[in-house]
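Chains A and B, in that order, give the protein sequences. If you read the first sequence in this note's numbering, its first letter stands for residue 1, the second for the next number, and so on. If you read the second sequence in this note's numbering, its first letter stands for residue 1, the second for the next number, and so on.
None of these hints come from the bench; they were simulated from the model. No incorrect hints appear here.
Which copy? The list can't say, so a pair holds if one copy fits it or any two copies do.
Derived PhoX-like pairs: lysine-lysine, alpha-carbon spacing no greater than 25 Å straight-line:
no. : residue 1 : residue 2
1   : K262      : K169
2   : K211      : K196
3   : K262      : K140
4   : K310      : K338
This one's a predicted model, so the numbers in the text were calculated from it and none came from an experiment.
2 protein chains.
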Amino acid sequence: MNSNVRAYAAASAATPLGPFRLIRRGARKDDVEIEILYCGVCHSDLHTARNDWGWTTYPIVPGHEIIGRVASVGADVTGFKVGDHVGVGCMVDSCGHCEACDEGHEQHCPESTYTYGGVDRQDGQRTQGGYSEKIVVNQKFVLRVPDGLDLKGAAPLLCAGITTWAPLKNYGVGPGSKVAVVGLGGLGHMAIKLAKALGAEVTLFTRSAGKEADARRLGADHIVLSTDAAQMAAVAVRFHLIVDTVPYLHDTNPYIPTLRFKGTLVLVGYLGPLEPALNSMPMVIGGKAVAGSLIGGIPATQEMLDFCGKHNITSDIEVINMQDINDAYERMLKSDVKYRFVIDMASLKQEA
Amino acid sequence: MNSNVRAYAAASAATPLGPFRLIRRGARKDDVEIEILYCGVCHSDLHTARNDWGWTTYPIVPGHEIIGRVASVGADVTGFKVGDHVGVGCMVDSCGHCEACDEGHEQHCPESTYTYGGVDRQDGQRTQGGYSEKIVVNQKFVLRVPDGLDLKGAAPLLCAGITTWAPLKNYGVGPGSKVAVVGLGGLGHMAIKLAKALGAEVTLFTRSAGKEADARRLGADHIVLSTDAAQMAAVAVRFHLIVDTVPYLHDTNPYIPTLRFKGTLVLVGYLGPLEPALNSMPMVIGGKAVAGSLIGGIPATQEMLDFCGKHNITSDIEVINMQDINDAYERMLKSDVKYRFVIDMASLKQEA
Chain A
1 MNSNVRAYAA
11 ASAATPLGPF
21 RLIRRGARKD
31 DVEIEILYCG
41 VCHSDLHTAR
51 NDWGWTTYPI
61 VPGHEIIGRV
71 ASVGADVTGF
81 KVGDHVGVGC
91 MVDSCGHCEA
101 CDEGHEQHCP
111 ESTYTYGGVD
121 RQDGQRTQGG
131 YSEKIVVNQK
141 FVLRVPDGLD
151 LKGAAPLLCA
161 GITTWAPLKN
171 YGVGPGSKVA
181 VVGLGGLGHM
191 AIKLAKALGA
201 EVTLFTRSAG
211 KEADARRLGA
221 DHIVLSTDAA
231 QMAAVAVRFH
241 LIVDTVPYLH
251 DTNPYIPTLR
261 FKGTLVLVGY
271 LGPLEPALNS
281 MPMVIGGKAV
291 AGSLIGGIPA
301 TQEMLDFCGK
311 HNITSDIEVI
321 NMQDINDAYE
331 RMLKSDVKYR
341 FVIDMASLKQ
351 EA
Chain B
1 MNSNVRAYAA
11 ASAATPLGPF
21 RLIRRGARKD
31 DVEIEILYCG
41 VCHSDLHTAR
51 NDWGWTTYPI
61 VPGHEIIGRV
71 ASVGADVTGF
81 KVGDHVGVGC
91 MVDSCGHCEA
101 CDEGHEQHCP
111 ESTYTYGGVD
121 RQDGQRTQGG
131 YSEKIVVNQK
141 FVLRVPDGLD
151 LKGAAPLLCA
161 GITTWAPLKN
171 YGVGPGSKVA
181 VVGLGGLGHM
191 AIKLAKALGA
201 EVTLFTRSAG
211 KEADARRLGA
221 DHIVLSTDAA
231 QMAAVAVRFH
241 LIVDTVPYLH
251 DTNPYIPTLR
261 FKGTLVLVGY
271 LGPLEPALNS
281 MPMVIGGKAV
291 AGSLIGGIPA
301 TQEMLDFCGK
311 HNITSDIEVI
321 NMQDINDAYE
331 RMLKSDVKYR
341 FVIDMASLKQ
351 EA
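Please take these sequences and the hints and turn them into a complete structure.
The following block contains the structure:
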């Protein structure tokens, strides 16, 4: 049976988010109905609300760092029961039988369905995200939240966590690895925590002096001011992996010489032309690569959550009410958050 | 005892190559003295002769696709004897004890010494290449040429061969792999032959119609005209690996959507800014990479030669005399060679 739930939506690229009523489908036989407790606020939410990428259909309810409690389950659901703490990330469905799905890289399935702004493969309805009281998701895309993990701080793991975990795992980071992280925001602070917990020596590249104490607290062994030529030269040919989390246009060239041979700079934040032009010379001469990485598959997401449970890793967050979202977006644009906003969905109850 | 040998050198960026007398050192205890029979003509020779990369010291004797016969060996040389057919590629020395050397990636050793334009680590002399009668090389950088392989056609394996072999091996190409090659020149035609022999399904991307018959003869299963939008769309998300051999500025963006997730486009020919700017969006969304690859290490070079011996693979060549080198450079700039010039060093004997 469909339900009518409170949410926050953007009605157009130019309007702030505001209260919205959303129809959620009743649980199908393989669905989990989730009461949303917390939802992290990702840069993608803001980009989508404002149609920065040109693909938004309005109204749009953002939110894909969802933590909740199972409210009901369909007849065929195994592995989840009412009351369980669960998470939902950036995807809610995929075809289930392509090479990407077979390998657990559902994000690369041609029919991968985003949590918001996608189209449900069964009923053709537009998907809407986690800035709402409830969501109904196929059990294959529901994650288990390990016991004992702080639920508020766990919300950003569903996007910021897996987005940084995937390259660390795909490029084999472990003890002995030298990893650098570009940018200290929602993604960057998770990259530092996860790389450190995996046993790597971790360096933060930053353009702002004064982040040193915080970076060290998060787990960074070294801080390099990327605007200081001498500091950059001192880390030449050093890193096996650079996780570049910066979500806006920036010059990637200065980081390439700091990669070892066979090293890779992985872009996880910025979508657009690499300007000034990436120079292939140090890439060829040094045998180096620049790659993109998109969130991560469901098996990797569960692996990351379990790892975080074991190492008690959550995001550093600032809890806000749903009504504060537009101010939060403005503060994100100024990097004024340490390090992720998380919406307490109880605040939605004060809406009509 | 030093010897005075005939060679061809460029005296400046603006002058054609001409006859030159070169002093070769006597063989040290771990050196192999090689009578050069054939030397392939690589685009790097031309770039270096004309100082296109800005690092040339004159006079310079190019040539790093060297096939010859052992003339003498130092006291500590094992594994080579007078009369053996041997090869020398792009390197003649390295430190021998860094991580790159330990892993057999001597090309990434900080002390890697190029065959020409480098500086000998022991005597500080400038190294000079294979456009000469003789070369003296540390045994660790001398390759065995398998019996039965055509010596003339084997010369380009020392650079064009290993340059295309290395990414094929590093990215795990074998039966079931779908490999594309960009550009049908000296490197491109070797990439096709090697990928095919490794068991891959091979596609040639070309901007020129009319190469189809030749590409198929070399081993290509498919030919895609990269200027034809419909043909490009038909190979979307298809390739595990693209070996991009084009040695001049070209737009790499159109090839990215043809990579599968986790696929990589490897640049082996072009050194410089990637313009128009490489767009990270399809790289992030699709989980794709752009990498550089530089020749290959000594173990991989020997492995490639042995593979070529087993599969009777050599380069398609046009044999020229040393005196024809300047005309050959002009023809290379017009892509007027199928597919590699090889200098018959016997022609040097007519010089004074």
